[in-house]
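Number of protein chains: 2
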Amino acid sequence: MQPSKTQQKPASQGPKKAISPTRDENYPEWYQAVVRAADLAENSDVRGCMVIKPWGYGIWEKIERDLDFRFKETGHKNAYFPLLIPLSFLQKEAEHVAGFAKECAVVTHRRLVAGPDGKLMPANPLEEPFIIRPTSETIIGASFAKWVQSYRDLPILINQWANVMRWEMRTRLFLRTAEFLWQEGHTCHETLEDAVSETKQMLQVYASFAEEVLAMPVIQGEKTAGERFPGAVNTYCIEAMMQDGKALQAGTSHFLGQNFSKAQGIKFLGRDGKESFVWTTSWGVSTRLIGGVIMTHADDDGMVVPPRVAPIHVVILPIVRKEEDREKVMSAVADLSKQIRAKRFFDERIDVEVDAKDTGGGDKFWGHFKKGVPLIVEVGPRDVDGGVVCVTRRDDLAGKRKSIPRAEFISGVDGILADIQKVLFDRAKKRMDSSIIQVNSEKEFNDVFTSDGEGGNAMSRGFVLAHCSDSPAAVEKLAAKKVTIRCIPIDGPAEKGKCIFTGQETSKRVILAQSY
Amino acid sequence: MQPSKTQQKPASQGPKKAISPTRDENYPEWYQAVVRAADLAENSDVRGCMVIKPWGYGIWEKIERDLDFRFKETGHKNAYFPLLIPLSFLQKEAEHVAGFAKECAVVTHRRLVAGPDGKLMPANPLEEPFIIRPTSETIIGASFAKWVQSYRDLPILINQWANVMRWEMRTRLFLRTAEFLWQEGHTCHETLEDAVSETKQMLQVYASFAEEVLAMPVIQGEKTAGERFPGAVNTYCIEAMMQDGKALQAGTSHFLGQNFSKAQGIKFLGRDGKESFVWTTSWGVSTRLIGGVIMTHADDDGMVVPPRVAPIHVVILPIVRKEEDREKVMSAVADLSKQIRAKRFFDERIDVEVDAKDTGGGDKFWGHFKKGVPLIVEVGPRDVDGGVVCVTRRDDLAGKRKSIPRAEFISGVDGILADIQKVLFDRAKKRMDSSIIQVNSEKEFNDVFTSDGEGGNAMSRGFVLAHCSDSPAAVEKLAAKKVTIRCIPIDGPAEKGKCIFTGQETSKRVILAQSY
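The listed protein sequences derive, respectively, from chains X and F.
Counted from 1, the first sequence has number 278 at position 278 by the working numbering; the numbering is strictly sequential.
Counted from 1, the second sequence has number 347 at position 347 by the working numbering; the numbering is strictly sequential.
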């Protein structure tokens, strides 16, 4: 039995790649080209703000749905708090305001009027200006202060799905934008131990999610003092390695101690009859994760979407060259899509699209390949006669079409999707593990980071595991190479050593890397 | 077999009601009291903005999920566009800007600095100010202008879930708030007919959703010119009747003609080889729907949540008075909740909460009753021994507890929920149908609307079906009673008549009502 031959072979089999430049040629430009070719997002006319197009937003919806389930399973409930934050709220926590005042959108008026030239102008100034939330500790804390009276009201376990704004001057689609979508968890606890345990639990939720669902391996760690969230006692993070060896901070979980509860008066009457301040946490991930997925899995032919976050799992392309074949092919395609839709993948329906548009077959195939749909299934008249379907797996580096008996494909489609998910994770994990380099001296450090990481092609770098202090002298040396201490890995061995820059004693190796 | 008797009878069996004032005593205050007693939302420190608490937000999540499914079934995809709109965009459509300029939040600065008194002040003024979106026709249109080239790109069927701001001065939780959550559909079509057909299709989607899911009967209609969305050629709406007889506009669907496409340059090369402007639509519903659910179903004992939007369908209360009974009861409860969770209600899991908090039984029961959980199930040691559960249906006006064999309850729980859903709809439908009054003269009109509707108790009013023109003279008469033309009902008979105020000929009766 012959598979349909209407389309060209995927370009990956030849020298020409779909994405130009390739990763090797210019990594940052390759990234932008993938976002464009896969129709994930675009820049808007509002400086630094992006438009998330349906394919990109579809990935975000899958992320939301899976994470939301995990949050609820760990006892959290969703709520919604105001977009605007009074300046006086922000000012209550000194470190916090210092961290966000430089990049916030300020609302000062509540009306527009036409000026003398007919152009609209702000009118009716507000008594107290507001900022658009860059994060919601202060506004949510104001509600918590009302909600908590007694230890019986604790813990309070809240999550919010929302948009936030940080007026970044240098932006990059998904990775750093002035407005982005995220979730922010905010919790109050009776004891320090409960709050620390929540902080670590949510870090674990993020790590499992990243690895199981995004197929993106991560290192769990603790931030050093200089890299903490403004106002936090301790910040934990997951760090992923992109294909150029740079780090992406993919999620953070903060133990806030009593800093915010004292600033905002979140008090409770304890079991001992005394009034105490609660212990709080906050944790978040954002649309930046989509940038992480792109830079973990996409290749020189375009985007590769892990099946568990794919808006469409299977796209079916009917191949009709003669009008007399149309009915036979279309009816086989309708039946095939119905049967696949009836199956489940990780307890969710399998999403199928039938693309019967009358655009050229090759273009159509390539459109879906560049978008990273996990499975492309072509069905032509000879496939129908032979009882087969012609299947392309997006994770297959050679991009080979394979003719599979129809019944076998239908019964095994969930298994194929699970296998693609596994292949993607294993490939990324192997790449990360082989790019973590132990370094024991400043010279070795300089041998790894030969540039400041701002050039086009930066494929050769990786993570460095070294003893390095958080002292100004060490941080200055790191900064010269645009390297930061990404984290102190949680599962790193307790191995004493000396800072490669200052000789100071340190108790554990840290991860050093350039980052997004 | 005796049901457990730990708790008091629901107050509805006695003279004392849980909500004070009652609907009869003061309807607007009753509304606020229900929102508070059911823990749905609260006012925030940001003027006019609400905090949607977990129980209220849980209802919104169910609304989102169901509507989202309906949008996708009708071919729409979600996307996300910037929160901020440049003033120049807004200005492109003259009627549109006139409609929103009076109540918008204006962002003028992008940084805060500490002033001489240490207080934060706005800094770094923007070259062009932005407004926070009150609706997104203009910003989404800017993207559409880039996306559409040829008739092959049409239709474009997009939906956005988002927050929006309209700086209302008089606000009421859910019904009218400065910030609210909503969805806004935006579509582009090749022909006028396609766009009109989309507009009507989405009106039908809203109507079915309101009736099937919110159990809220609605009248589908067309707005008169004076009540249209700013910039629309035609606005369709669904209008629901609240228990005080006032109307709530629960959803709108706009045919925008070529007004926005011309203002924004959304052009395409047609099949005829000529360049034309697309035909657009927009349509939306918001968190206001939750206000509608409250005022349709809640009673003097608190909230009543229709099962299809209930965050929790069944709450189970273990009744343990003696420590020796604890294990037996808790194990029966765990098993019961597991079995109910395994069942489905409208293809979604049945959400079960076990409330084992050690607060007093009566308070606990009442807390859930006031929140409107559809089914409250009590399980005490004698119930376990007798193989029964003690069930309270929230739709039962007498609030009677009923002892039901455990196996029967489990196998029938989805049916009971469906029955509650039906009872709620039928009750509301009967109320609405019996409160629509045909009126044929100004005198009859004045007999119905005896006040301007601003008093506390307004239980006696309803909808008036009358011939009434959209002329300034008629509108003035209506305004004196705070009445508006709600809509021209779509399924109203084509019955010619004369305006009750002006004598002008009209072709159909319209709905007149006071409204929220």
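No lab work stands behind these hints: they were computed from the structure.
Do not rely on the hints blindly, as some may be mistaken.
Since the list can't tell identical chains apart, any single copy or any two copies may satisfy a pair.
As the list claims (entries may be wrong) - No farther apart than 25 Å at their CA atoms in a straight line, the calculated lysine-lysine pairs in the PhoX-like style are these:
| # | residue 1 | residue 2 |
| --- | --- | --- |
| 1 | Lys274 | Lys262 |
| 2 | Lys119 | Lys262 |
| 3 | Lys146 | Lys496 |
| 4 | Lys357 | Lys77 |
| 5 | Lys498 | Lys338 |
| 6 | Lys498 | Lys477 |
| 7 | Lys496 | Lys17 |
| 8 | Lys422 | Lys402 |
| 9 | Lys146 | Lys357 |
| 10 | Lys508 | Lys481 |
| 11 | Lys92 | Lys422 |
| 12 | Lys477 | Lys77 |
| 13 | Lys322 | Lys262 |
| 14 | Lys357 | Lys274 |
| 15 | Lys357 | Lys498 |
| 16 | Lys496 | Lys274 |
| 17 | Lys102 | Lys443 |
| 18 | Lys92 | Lys119 |
| 19 | Lys430 | Lys102 |
| 20 | Lys102 | Lys338 |
| 21 | Lys357 | Lys267 |
| 22 | Lys322 | Lys357 |
| 23 | Lys338 | Lys72 |
| said: Within, between, both or neither: how does the pair lysine 508, lysine 481 come out at a Cα-Cα threshold of 25 Å? | reply: within (22 Å within a copy, 76 Å between copies)
| task | Up to 25 Å between alpha-carbons, please classify lysine 119 paired with lysine 262: within, between, both or neither. | result | between (46 Å within a copy, 20 Å between copies)
| message | One pair to classify: lysine 430 and lysine 102, alpha carbons no more than 25 Å apart. Within, between, both, or neither? | response | So lysine 430 and lysine 102 fail the 25 Å test inside a copy (40 Å) and across (58 Å) alike.
| When no copy is specified for lysine 357 and lysine 77, does a C-alpha distance of 25 Å or less occur within a copy, between copies, both, or neither? | Between copies only: 17 Å across, 43 Å inside.
| task | Tell me, please, which holds for lysine 102 and lysine 338 at an alpha-carbon limit of 25 Å: within, between, both or neither? | result | This pair counts as neither: shortest intra-copy Cα distance 53 Å, inter-copy 51 Å.
| Within a copy, between copies, both or neither: where do lysine 322 and lysine 357 come within 25 Å Cα-Cα? | Cα proximity of lysine 322 and lysine 357: one copy only (15 Å, versus 69 Å across).
| field | Alpha-carbon proximity context of lysine 422 and lysine 402, limit 25 Å | value | Within. Shortest intra-copy distance 19 Å satisfies the 25 Å Cα cut-off; inter-copy 52 Å does not.
| request: Please work out whether the CA atoms of lysine 338 and lysine 72 approach to 25 Å or closer within one copy, between two copies, in both situations, or in neither? | output: between (31 Å within a copy, 16 Å between copies)
| field | Alpha-carbon proximity between lysine 357 and lysine 274, which holds within one copy, between copies, both or neither at 25 Å | value | Between copies only: 22 Å across chains, 70 Å inside a chain, cut-off 25 Å.
| field | Same-copy or cross-copy closeness of lysine 146 to lysine 496 [CA-CA at most 25 Å] | value | neither (47 Å within a copy, 58 Å between copies)
| query | Under a CA distance limit of 25 Å, which applies to lysine 477 and lysine 77: within one copy, between copies, both, or neither? | reply | Neither way: lysine 477 and lysine 77 sit 44 Å apart in one copy and 49 Å across, limit 25 Å.
| message | At most 25 Å between alpha carbons: which applies to lysine 357 and lysine 267, within, between, both or neither? | response | This pair counts as between: shortest inter-copy Cα distance 21 Å, intra-copy 62 Å.
Consistency with the previously given hints fails for numbers 3, 5, 7, 11, 12, 13, 15, 16, 17, 19 and 20, ordered from lowest to highest.
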